[in-house]
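**Student:** Can you make the complete structure from the sequences, with help from the hints?
Protein chains in written order, with UniProt numbering: chain A, 1 to 258; chain B, 1 to 445.
No lab work stands behind these hints: they were computed from the structure. As the structure is a computational prediction, the values presented were derived from the model and not from experiment. Virtual Cβ for every residue (Gly too), placed ideally from N, Cα, C. Treat the hints loosely; a few may be bogus.
[What the hints assert, rightly or not] Label-pair restraints from in silico Cβ distances:
#, chain 1, residue 1, chain 2, residue 2, range
1, B, R437, A, G49, 23 to 31 Å
2, A, L20, B, D350, 31 to 39 Å
3, A, L10, B, R316, 33 to 41 Å
4, B, E394, A, L20, 53 to 61 Å
5, B, E330, A, L10, 48 to 56 Å
6, A, R203, B, L370, 43 to 51 Å
7, A, I17, B, P363, 35 to 43 Å
[Claimed, not checked] Per the computed footprint, the stretches of chain A lying under chain B, defined by three or more beta-carbons under 8 Å from a beta-carbon of chain B, are:
#, segment
8, 32-42
9, 47-57
10, 117-130
Next come the chains, spelled out residue by residue.
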Amino acid sequence: MTSSDPRSVLGTLRARIATLERGSGTAPAPVAYLPFGLSAIDRLLPGRGLQLGALHEVAPAQAAISHAAACTLFAAGILARTQGPILWCLAARDLFAPALARVGLHPDRVIYVETYREAELLPLVEEGARFRGLAGVVGEVARTGLTASRRLQLCAEESGVTVLLVRRAPAASDGAGTTASAATSRWSVEAVPASRRAAGFGRGRWRVGLQRCRGAALGSEPASWLVEACDEAGRLALPADLAERSHPQARQGRAAAG
Amino acid sequence: MAVAQAQAMVPGITVREATPEADADALARLAAWCLWCAPLTAPDPPDGVWVEIAGSAHLFGGEAAMLRTLLTRLRAGGCTVRLAVADTPGAAWAVARFAPRETSPLVGPGQMAAAVASLPVRALRLAPETVAGLAELGIERVAQLAALPRGPLSLRVGRAVLQRLDQVLGHAPEPIAWAMPAEAAVVRRAFPEPISAPATLERVATDLTGDLVALLARRGLGARRLDLSFRRVDGGVHALCVGTASATRDAAHLARLLCARLAEVDPGFGLDEACLAAGRTEPLAAVQGEGLDTGETAQVDLAALVDRLAARAGARRVFRVVPVESRVPERSQRRAPPLAPADGRSWPADLARPARLFEPPEPVQATALLPDAPPALFVWRGVRHRVVRADGPERVRGEWWAAEGELASLRDYYRVETEDGARYWIYRDAPMAEGPRWWLQGVFG
Numbered sequence: 001m002t003s004s005d006p007r008s009v010l011g012t013l014r015a016r017i018a019t020l021e022r023g024s025g026t027a028p029a030p031v032a033y034l035p036f037g038l039s040a041i042d043r044l045l046p047g048r049g050l051q052l053g054a055l056h057e058v059a060p061a062q063a064a065i066s067h068a069a070a071c072t073l074f075a076a077g078i079l080a081r082t083q084g085p086i087l088w089c090l091a092a093r094d095l096f097a098p099a100l101a102r103v104g105l106h107p108d109r110v111i112y113v114e115t116y117r118e119a120e121l122l123p124l125v126e127e128g129a130r131f132r133g134l135a136g137v138v139g140e141v142a143r144t145g146l147t148a149s150r151r152l153q154l155c156a157e158e159s160g161v162t163v164l165l166v167r168r169a170p171a172a173s174d175g176a177g178t179t180a181s182a183a184t185s186r187w188s189v190e191a192v193p194a195s196r197r198a199a200g201f202g203r204g205r206w207r208v209g210l211q212r213c214r215g216a217a218l219g220s221e222p223a224s225w226l227v228e229a230c231d232e233a234g235r236l237a238l239p240a241d242l243a244e245r246s247h248p249q250a251r252q253g254r255a256a257a258g
Numbered sequence: 001m002a003v004a005q006a007q008a009m010v011p012g013i014t015v016r017e018a019t020p021e022a023d024a025d026a027l028a029r030l031a032a033w034c035l036w037c038a039p040l041t042a043p044d045p046p047d048g049v050w051v052e053i054a055g056s057a058h059l060f061g062g063e064a065a066m067l068r069t070l071l072t073r074l075r076a077g078g079c080t081v082r083l084a085v086a087d088t089p090g091a092a093w094a095v096a097r098f099a100p101r102e103t104s105p106l107v108g109p110g111q112m113a114a115a116v117a118s119l120p121v122r123a124l125r126l127a128p129e130t131v132a133g134l135a136e137l138g139i140e141r142v143a144q145l146a147a148l149p150r151g152p153l154s155l156r157v158g159r160a161v162l163q164r165l166d167q168v169l170g171h172a173p174e175p176i177a178w179a180m181p182a183e184a185a186v187v188r189r190a191f192p193e194p195i196s197a198p199a200t201l202e203r204v205a206t207d208l209t210g211d212l213v214a215l216l217a218r219r220g221l222g223a224r225r226l227d228l229s230f231r232r233v234d235g236g237v238h239a240l241c242v243g244t245a246s247a248t249r250d251a252a253h254l255a256r257l258l259c260a261r262l263a264e265v266d267p268g269f270g271l272d273e274a275c276l277a278a279g280r281t282e283p284l285a286a287v288q289g290e291g292l293d294t295g296e297t298a299q300v301d302l303a304a305l306v307d308r309l310a311a312r313a314g315a316r317r318v319f320r321v322v323p324v325e326s327r328v329p330e331r332s333q334r335r336a337p338p339l340a341p342a343d344g345r346s347w348p349a350d351l352a353r354p355a356r357l358f359e360p361p362e363p364v365q366a367t368a369l370l371p372d373a374p375p376a377l378f379v380w381r382g383v384r385h386r387v388v389r390a391d392g393p394e395r396v397r398g399e400w401w402a403a404e405g406e407l408a409s410l411r412d413y414y415r416v417e418t419e420d421g422a423r424y425w426i427y428r429d430a431p432m433a434e435g436p437r438w439w440l441q442g443v444f445g
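**Tutor:** Shown next, in the form of structure tokens:
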């Protein structure tokens, strides 16, 4: 027996479990993954990247507006690395499109739809999630529920559209802590001060946390990484001056072990 | 009168074959021609045309001016006509045909009884034998007829006479089959039993859409707007209208658009007729079905998605954002139709722009250590922020060609990072020497 055999057996089992979870006898559509290009993050995710054709949630770690803005750019950066048109469901008028273009999301790719009522937003997101041919849908929501997220997840699996719910407020401010969700993964993004040693006004710096992810080998604590904000192609980068810090290194080691 | 008798009376008379079909055609054409002055017209064989001028007379400066215009044009076209305007079709018919030439062709509101009183009973559009029967009773004028008690009169001469009289006076409705323009694509369904269940409405809408799409396909048209109207058993009409972003004949797509709106229909006691019309159409050539797979990824057709979103949120709420060549940040983007052709333009890549832009900017109290230096401290929404890093200024001058009073305006934009890592976009609206104010316009991610 070669060493790759257990892995393939595991893969087959996972596929069968996924089929059972979907509740239908048909084989699941081939799943694609979008790597972040950072091995520290990708090695933790099943498929070595963010699963396309699935629902993901991005929430600011704290209530300040700068964290919400970081979430917006984080989502835009993910979609900038895909191909195809994007639907962006707005709940407020303050999104500034040039910033999306700066992280690689060309204005020709994005169609916006706006509404002011929370109840109308999720149906719009769902219309996009059902539409084969879109690369992704972004919904700027205040909160989600288990039912709504389950619907979106099923739509996304069916159509292959990646759905990103970008929350305007952190999960904790809902009152009852983290609300239940059927999302494939949940991320938190926080804008943190750039290094004091950095010269000039460089790229911003975020702490990106993976709070949960279906099928990922997460430890007891959510994993988090300090990264530099998206560049003009939507890519994150590890800060150059963090090599000697132990925190993310230790995190990686434990994740790999678990 | 026989032709032979006429020829005997008038030597050299010209005899022509009667052509009722051609006459009816010509009358229909004349009715269609009258559409320039009013939305509803109908031929009234053998020799009349109905024109519903309610709501359109003011466009010509009143009813009298409208009649003059219509008369001039008809005469220029070689027609000999008499015109009349009244509240009811019957009164207009009577006045146009039987009123003395010196009386006004305009019957004032509610004046029908007076206008037709002195006219012969033939003016009520009665059958000749009925007119003869009334004449035997000594009734020749409408006023005489109107003065008789209704019950005995109805028994004696039949209900038709009273019906006509009521129609002239406006006591009974008079349905007129208004001519539909030939190009309108309309399909309808009448139901033997009134329907009201949502599922039934959906099936009806789907069936009608299929019929309409087949009709449009034969004509080489695609729908841009659909009008679906339901007639209720109590006579009310409920209509709804959906638009599409581009001409389409996709029955499933159109049916889904309509079904999404069916919740607005209040069936009341039931609906007994449905009518679906393509209110606006555009030429749409037949398309090749998917035959050979060329292997290329097809361009995604977003029109269907845009239509569905517009049906839910409203057409104005679906848009794209395109660049505008302006240095003033809030003017550098513009909304465009969602299916506007992509032209590849984007914003300059070297200018840092915030993810969230406040419009209008919010005032802040800022303290700068030196004149023309970025702020070291600012208070925004009641919270004090200490700046640890700043970049700028980026100077933006007012666009004097865009707005009056911007000639002297000037903004110095700074990107600042506060202690907690938040990055803001702050500007000063005048040089330091002139006592500027500070504004916060955006938040970077």
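**Student:** It remains to establish, for every hint, whether it holds in the given structure.
**Tutor:** Here is how each hint holds up against the structure:
The beta-carbon spacing between B/R437 and A/G49, approximately 48 Å, falls outside the hinted interval of 23 to 31 Å. Checked against the given bound of 31 to 39 Å, the beta carbons of A/L20 and B/D350, roughly 52 Å apart, lie outside it. A C-beta distance of roughly 52 Å is found between A/L10 and B/R316, which places it outside the suggested range of 33 to 41 Å. The hinted window of 53 to 61 Å between B/E394 and A/L20 holds, with their beta carbons roughly 57 Å apart.
Taking the beta carbon of each, B/E330 and A/L10 are about 54 Å apart, inside 48 to 56 Å as hinted. Separated by about 27 Å at the C-beta atoms, A/R203 and B/L370 break the suggested range of 43 to 51 Å. Distance hint check: the CB atoms of A/I17 and B/P363 are about 57 Å apart, inconsistent with the given range 35 to 43 Å. Counting residues of the segment 32-42 of chain A whose beta carbon lies closer than 8 Å to any beta carbon of chain B gives 0, which falls short of the minimum of three for the stated coverage.
For the segment 47-57 of chain A, the assignment as covered by chain B is violated, since 0 residues bring a beta-carbon within under 8 Å of that chain's beta-carbons and 3 are needed. Using a Cβ-Cβ cut-off of 8 Å, 5 residues of the segment 117-130 of chain A lie near chain B, which meets the minimum of three, so the contact claim holds.
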